[in-house]
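**Q** For reference, the chains in residue letters:
Protein chains: 2
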Amino acid sequence: MAERLIGAIEAGGTKFVLALAREDGTLLEQARIETRTPDHCFPEVADFFRQTAATHGPIAGFGVASFGPIDIDPASPSYGTFTTTPKPGWAGARFQDVLGAFGAPVVVDTDVNGAALGEWLQGAGQGCNTLAYTTVGTGIGTGVVRLGKPLMGFSHYESGHITPPHDRSLDPFAGSCPYHGDCLEGLAAGPAIEKRWGQSLSQLGSPPEKVELIASYIAHLAASLVLLHMPDRLIFGGGVMKAPGLLQAVRRLTEQKLGGYVRAPQLDPGLEQYIVAPGLGDLAGITGAIELGRIAADQ
Amino acid sequence: MAERLIGAIEAGGTKFVLALAREDGTLLEQARIETRTPDHCFPEVADFFRQTAATHGPIAGFGVASFGPIDIDPASPSYGTFTTTPKPGWAGARFQDVLGAFGAPVVVDTDVNGAALGEWLQGAGQGCNTLAYTTVGTGIGTGVVRLGKPLMGFSHYESGHITPPHDRSLDPFAGSCPYHGDCLEGLAAGPAIEKRWGQSLSQLGSPPEKVELIASYIAHLAASLVLLHMPDRLIFGGGVMKAPGLLQAVRRLTEQKLGGYVRAPQLDPGLEQYIVAPGLGDLAGITGAIELGRIAADQ
Numbered sequence: 152m153a154e155r156l157i158g159a160i161e162a163g164g165t166k167f168v169l170a171l172a173r174e175d176g177t178l179l180e181q182a183r184i185e186t187r188t189p190d191h192c193f194p195e196v197a198d199f200f201r202q203t204a205a206t207h208g209p210i211a212g213f214g215v216a217s218f219g220p221i222d223i224d225p226a227s228p229s230y231g232t233f234t235t236t237p238k239p240g241w242a243g244a245r246f247q248d249v250l251g252a253f254g255a256p257v258v259v260d261t262d263v264n265g266a267a268l269g270e271w272l273q274g275a276g277q278g279c280n281t282l283a284y285t286t287v288g289t290g291i292g293t294g295v296v297r298l299g300k301p302l303m304g305f306s307h308y309e310s311g312h313i314t315p316p317h318d319r320s321l322d323p324f325a326g327s328c329p330y331h332g333d334c335l336e337g338l339a340a341g342p343a344i345e346k347r348w349g350q351s352l353s354q355l356g357s358p359p360e361k362v363e364l365i366a367s368y369i370a371h372l373a374a375s376l377v378l379l380h381m382p383d384r385l386i387f388g389g390g391v392m393k394a395p396g397l398l399q400a401v402r403r404l405t406e407q408k409l410g411g412y413v414r415a416p417q418l419d420p421g422l423e424q425y426i427v428a429p430g431l432g433d434l435a436g437i438t439g440a441i442e443l444g445r446i447a448a449d450q
Numbered sequence: 152m153a154e155r156l157i158g159a160i161e162a163g164g165t166k167f168v169l170a171l172a173r174e175d176g177t178l179l180e181q182a183r184i185e186t187r188t189p190d191h192c193f194p195e196v197a198d199f200f201r202q203t204a205a206t207h208g209p210i211a212g213f214g215v216a217s218f219g220p221i222d223i224d225p226a227s228p229s230y231g232t233f234t235t236t237p238k239p240g241w242a243g244a245r246f247q248d249v250l251g252a253f254g255a256p257v258v259v260d261t262d263v264n265g266a267a268l269g270e271w272l273q274g275a276g277q278g279c280n281t282l283a284y285t286t287v288g289t290g291i292g293t294g295v296v297r298l299g300k301p302l303m304g305f306s307h308y309e310s311g312h313i314t315p316p317h318d319r320s321l322d323p324f325a326g327s328c329p330y331h332g333d334c335l336e337g338l339a340a341g342p343a344i345e346k347r348w349g350q351s352l353s354q355l356g357s358p359p360e361k362v363e364l365i366a367s368y369i370a371h372l373a374a375s376l377v378l379l380h381m382p383d384r385l386i387f388g389g390g391v392m393k394a395p396g397l398l399q400a401v402r403r404l405t406e407q408k409l410g411g412y413v414r415a416p417q418l419d420p421g422l423e424q425y426i427v428a429p430g431l432g433d434l435a436g437i438t439g440a441i442e443l444g445r446i447a448a449d450q
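So the protein lines, in turn, are chains A and B. If you're matching positions, the first sequence starts at 152 in the working numbering and goes up one per residue. If you're matching positions, the second sequence starts at 152 in the working numbering and goes up one per residue.
In short, the hints are calculated from the structure, not lab data. Keep in mind that a hint or two might mislead.
One copy or two, it doesn't matter: identical chains are merged, so the pair holds either way.
[Stated by the list, open to error] Here are the simulated DMTMM-like pairs of lysine to aspartate or glutamate, each with C-alpha atoms no more than 25 angstroms apart in a straight line:
(1) K361 <-> D175
(2) K300 <-> D222
(3) K361 <-> E154
(4) K166 <-> E154
(5) K393 <-> E363
(6) K346 <-> D322
(7) K361 <-> D248
(8) K300 <-> D449
(9) K361 <-> E345
(10) K346 <-> D224
(11) K393 <-> E174
(12) K393 <-> E345
(13) K300 <-> E360
(14) K361 <-> D318
(15) K166 <-> D449
(16) K346 <-> E406
(17) K361 <-> E185
(18) K238 <-> D318
(19) K300 <-> D224
(20) K361 <-> E195
(21) K300 <-> D433
(22) K361 <-> D190
(23) K166 <-> E360
(24) K238 <-> E345
Since the model is a prediction, treat every value here as computed from it, not as a measurement.
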């Protein structure tokens, strides 16, 4: 029996990656389109899948790993619909509106849940029962995969908005989150760093005391994830994490914050095996989206 | 067919509740014993189940909801074994050592996971897909039940050790946690309150400014649970929560911390339906332990 074909979308804030793949993950076709409004994007998405399906055959399932906030509850009437996003045109847009025409089941999840799933399958999270993938970039978000399935409650997690201790005598910056001021995203995401210092950590030359400050906020998330999810591994990706020395500082400060309280073989001394960079780099998201499409095809 | 019989233990730091029940939850026999060392407790546990089984019939499964830290991973060779507890005699003790003689399967989970399960089944968590139950007493811990199963990673959660913002100009108390100083448990558990002020909140007459301070720490956990688990409801129990006005202050400060960012029908204005007291009171733990025993009997 020929392998089924999977349609996959990694929907990011600046670009969409579109892929047609075999269900074993082999890429057959790939394209990138700019994230404009749904009026522009959705016809391009439809064209891509129409053309590739004409070449390769019918699509058995679609997987979407998307920016948010977006409804990812399959039991919800608005499943797959963007909710409160400030991105012009996207609030109320729904992936099923463009993919429904293909008559195949659609699974929609968040970008970080998709990346977590991709890393769990083929990247730095292989072999983990519980894996947390965090991106620190334009925003901050975490996806937690447990035994091959992304976890959620009534909605996807919003780890970027937890509140780390913020000592204003060390860091007088008030924070840039429009909702919370100095939540994690307001202190440590890319835009917060640029608002505070005018440039990114890398552009600033990654000075140790600035790296240490940002690492302390990210380590607060890392420690909170340990205490509230006990993952087998924490992966930290995203543009901010590329600053030299940052991942190392996050390891050191997380170990310090945990204070030896949680003891397990997973938490190696120095946390070098525990807190790691993504294994798939920029491919994590589309790899996860293909897996979501495979799950859809099985429905 | 007669209903199967379930043996259940709620193992607390000061007392054990033992129960023989029908699998529908009907209690047939119940006893309380003091938590001394396993050398004292385990023979009393064996006697209780031997005698009640002689009267009512053979036991089909055992459920244990226990204090910890304890290994709750069924795949682990030390499943059911206390790990690093400072309680004399308990490190290395294992529930299967006393229950194994009855030849029935045993499921061991934490006290808070048991209480979460009990509240989800018959208490204030009925109808929730995802429920978080937190106790604020001698210690602080949270169990999260998702679709009838307690969640875990490589171990049970340790929510008491997350770090809330701590403004020392408002609260000069350094915190009482031997591992972290001013983690949540070090700031807001019963012993921390008594160390700071000499008495419990209730004994102090629950003065509003002291209630507000303790509530702010507990609200940090509530907001973190929302952002990292998105539960349909948060239940707060335990001795500290009985202080008049505390639950109300936790609601108000949690809503303030979330800042309107998370919007969902679950989060009602004022959070009166969202943050609630336990529905089963002191029966949550043994109710959950019976359910764990029913799960064991199905294995």
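**Q** Hint by hint, which ones does the structure fall short of?
**A** 1, 3, 4, 7, 10, 11, 13, 15, 16, 17, 18, 20, 22 and 23
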